[in-house]
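Chemist: Use these hints to put chains B, C and D onto chain A, whose structure you have.
Residue numbers (the working numbering), protein chains in the order written: chain A, 5 to 335; chain B, 5 to 335; chain C, 5 to 335; chain D, 5 to 335.
There are no misleading hints in this set.
Which copy? The list can't say, so a pair holds if one copy fits it or any two copies do.
Derived lysine to aspartate or glutamate pairs resembling EDC-like cross-links, with alpha carbons at most 16 Å apart:
| no. | residue 1 | residue 2 |
| --- | --- | --- |
| 1 | K290 | D244 |
| 2 | K146 | D42 |
| 3 | K177 | E280 |
| 4 | K51 | E63 |
These are computed hints drawn from the structure, not numbers from a lab.
Number of protein chains: 4
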Amino acid sequence: MNSFGRIFRISIFGESHGESVGILIDGVPAGLPLTEQDLLPDLERRKGGKQKGTTPRQEADYPFFKSGLFNGKTTGAPISIFFENNNTRSADYEKQRSFPRPGHADMVAHQKYGGNEDYRGGGHFSARLTTGMVAAAAIAKKLMPGVTIAAEVTEIGGESDLEKGLQRAIDAKDSVGGIVECRVNGLPVGLGEPFFDSVESQIAHIAFAIPAVKGIEFGAGFAAAKMFGSQHNDAIENMDGKTRTNNAGGIVGGITNGNELVFRIAIKPTASTPKEQNSLNWDTGKVENFSVKGRHDLCVALRAPVILEAATALALVDLFLLEQKIKRVVS
Amino acid sequence: MNSFGRIFRISIFGESHGESVGILIDGVPAGLPLTEQDLLPDLERRKGGKQKGTTPRQEADYPFFKSGLFNGKTTGAPISIFFENNNTRSADYEKQRSFPRPGHADMVAHQKYGGNEDYRGGGHFSARLTTGMVAAAAIAKKLMPGVTIAAEVTEIGGESDLEKGLQRAIDAKDSVGGIVECRVNGLPVGLGEPFFDSVESQIAHIAFAIPAVKGIEFGAGFAAAKMFGSQHNDAIENMDGKTRTNNAGGIVGGITNGNELVFRIAIKPTASTPKEQNSLNWDTGKVENFSVKGRHDLCVALRAPVILEAATALALVDLFLLEQKIKRVVS
Amino acid sequence: MNSFGRIFRISIFGESHGESVGILIDGVPAGLPLTEQDLLPDLERRKGGKQKGTTPRQEADYPFFKSGLFNGKTTGAPISIFFENNNTRSADYEKQRSFPRPGHADMVAHQKYGGNEDYRGGGHFSARLTTGMVAAAAIAKKLMPGVTIAAEVTEIGGESDLEKGLQRAIDAKDSVGGIVECRVNGLPVGLGEPFFDSVESQIAHIAFAIPAVKGIEFGAGFAAAKMFGSQHNDAIENMDGKTRTNNAGGIVGGITNGNELVFRIAIKPTASTPKEQNSLNWDTGKVENFSVKGRHDLCVALRAPVILEAATALALVDLFLLEQKIKRVVS
Amino acid sequence: MNSFGRIFRISIFGESHGESVGILIDGVPAGLPLTEQDLLPDLERRKGGKQKGTTPRQEADYPFFKSGLFNGKTTGAPISIFFENNNTRSADYEKQRSFPRPGHADMVAHQKYGGNEDYRGGGHFSARLTTGMVAAAAIAKKLMPGVTIAAEVTEIGGESDLEKGLQRAIDAKDSVGGIVECRVNGLPVGLGEPFFDSVESQIAHIAFAIPAVKGIEFGAGFAAAKMFGSQHNDAIENMDGKTRTNNAGGIVGGITNGNELVFRIAIKPTASTPKEQNSLNWDTGKVENFSVKGRHDLCVALRAPVILEAATALALVDLFLLEQKIKRVVS
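One chain only, chain A, in its complex shape (with noise of 0.2 Å):
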């Protein structure tokens, strides 16, 4: 439910107006170095306010370590992470709390708690809880040393020419969707667990944990589905399995080939577009006009590298360390 992974595993907690947003991390092995500084540089990159297109709300998103912690190194035990709310202003959601806004989980929360969640500012379904997904992924990354993941959106609108893509929605007063492409070196091979744990089954897990995402495809993905085998097909020429093709995308029956890993998202525009909507009143029961309040980003996928980033981290070292473990038992 709100947990991920098996060794090194992560539990996600807190709601976007609520005390505090964090991240529970269990499996840390002891002795790793490890201070707030480390944090800091992806916590500023997830951070909005900072480029054209993204919410003017801005929150310190200083990490608090509660536990785990001793002598400026982990110590085996969980490390939990906090972020406090400062800068909320829940009103703008009180005042439309009769309409369920559409593209967003007001409605189905609605359904599934029975009234009972937190709605302000999206609750526990906010963009804001990927805080502590970026806050366990700078750990996670120190697992793995000579393992790079660059994460960049590589469309916005169609256009592949971002500050254009942005301009027309800028022009148009309209959120807009977009692409983020994420690159991953230095894995070795035989990461993966066969049959229901392979490479592209967790980090798609995951990824369409991150608010908005509405596709992801390996390698060629869906362009591989247009071609014939003889093109796809990356043919091996070295013993370390190295291809000069890489439709496979580094990843062929589900295990890291040592080849880089090469996957895309698909954002869906941001569902608090600045345009008017028709929809459900709760109150009169009717369709009627309004426009979403609030503070948000009018292209989300301007902000998703780094969430990716942190996600595509937080899959690999789980399955890093399972590795690991059995290729140290066995030899």
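Modeler: Chains B, C and D in isolation, oriented as in the chain A frame:
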């Protein structure tokens, strides 16, 4: 690893050319009427050799129940189902053992398992393992009366005229990829668990366990990345959450919203193309020309619908049982 | 590792002399009325310093909810609860750091975690961690209306006259062990899951997480090993399964049978005896005489009842939710 | 439910008088030499009919590997092992079906599964299921070279002269309970995971899955509850943690400390005593006199040692693999 699900929990085993493949299912409630007959229709659909472009290997695929049934009903104890492997021609694989087949798991399995893997017919990586998934799903579906799951091939080799796409591959003497779309009707509102077990996460997780799947998208999917928010949002017009458009594909915030669940997977071309390929010869250490032996599907997408339906049922039944529990306790 | 439960899932964190201890609870249904007040009675019972023979360390042990509550009710999202550590005297531990205390985890923790463990006050091994268990159990109990769980000390230092047993220890200036018995009434028939999650398995699992527990027995327990079958069997005399004798302790075949659930745990004497001891000095490498500093319970069994009740509630609620699900689906 | 273990994960299935019993094992590293012969010695020890006081039912108990082996070695894929049930006499059970046998799971199973359970010979609750545990443990032991696990009956019916205790039962024409003690040598320091997966928690969890176990104690166990701290503490005298006394039974703080691991289980008298009993007749609704049919052990404790060794190996191997992983990553 080889298990999936929290409450309705499946564990898969077997190898393509070993003695058997099968599945163990824990968490099936007692008292469900069940016979081998219930499983045969979907198992029949999964078989190869039924249509142009599928493998000529034919197996009886008769499900032998080894536990968990008594007097024609489930007992509440684990259900084990076995399938014999009879029609194997392992000699095909011995011959080409020196070539790790491009696009297959041969190379990564060899590196991951230190050469101890059962390589015949792909061993544990074979799509033959999905036989167990199809059998388990037939049971899963009986626990979700009123829910219909239907998948179909919508594209072969980029052609929505399927006959044409397949003929192009036959003419080119090459294998080819395709798209399979799955639609689920009759689902209750509220399936899916924040933060990590969204409906998308669960379905994607198991869908990527199906060999050859390289992408998945829900609702508008990758097309959503090109849209404005005002285009993509499905306006809520009724108290039950039904919407006229369905860009969300029936899932908002990771939770089913009562609309049709719609998603698509991208299936790469069968790695075993009839075409000659260049690849490393492990024995000589040189790149050489070779052709894949064995009996294979020209387009695995053709056999995928029933398997994707099975994967979908297995993901949903687990979320269904989980939600069932939560709802009942409080009310 | 630091989590327990499948559906009602708790994750514990913190250190005795770190910043805080706490617990994260996933799987609590939405709509349950809940305030800090609901937790205080049991937390108060768990505190030391209330009676002769318990530690003079006093902590406020006020539960700070950090997520999962809204308008006085649970939301369905994870509930995180924090307790501050204020009344720490870590200097006590610095002084005796060179002596790994006999009966304590000092030595094994040092070896397991390579010297990176937080050793102050036992760190993550401290019984202070059970504060979170007590808090979580208060919530668990609200999900099992009609179920009463009551534990009491039945023996101190071999004496069933508890005052006398304790006085003997005070006179001897030594710590002392004890027996705690737990009785649960109002349980439905049918809790417990074959083959590995019997009621005994689940309760024993979490009971042994309580520091100082070295034995557990259900019903007649070890005495049963001395009995004949005709003496031990509880004759079934009613359709509801109620029996006049209860040697089984309310569990047959690992499943609750509707009778009172009865079990006992053996608690070893507090490792930190006031008596001088011989033990290795890590710095000198020699066995030397030393006495344990810090504030400790003379008889930890005195504080165990509320903790054992909590452990019991946490084991039962998970089995309860699981059984709930199964019953409802079929009927 | 029917699975145990996190990394070395076993899943059990089958019924006493069904077609088969068996076990599925996931997480076994590749490359381990393994044949049926490796399993036979312990399977032979588990059989009944070998000595006075055990069931006359004789089964070949030959382990059929159905997956996971290739060329005499493990492949890294799941290992499935089957045992056929040949020597069943289900008619014995039909006759006495109207009496839910006291001390057996008949009544609770009937209530839990709504009458759909396979009641023949105890069905899924039968000790015959432990055949799979014994087989899996033979594999587990091969992964822990240098570790020896040895259990023995130390008491029958309260007598440490076992022959005498058994004869008393034979004379009384009654079944009888006993104590089994297990000792493990060669374990590394550091196995066991705080807070919930202590060595005691893991061993107790699986030990209580063995039918008829009603108590467990580690080291001094229940006797510790009567001791003073100065008596119970094992003085640490060497840098390797070895102690002269071993009241802790080799576990401190839930972690192995390098000393011999010692624990005992209490086994209740066989529920199926040859003596006549009074119990409810479901058909008449009256309490009547009846005697249990079928073939049974007079003292199940006699067959328990090899099963307890197996349970112990299964608990330890999982902790061993987990610790292996952690150690290696950091160093």
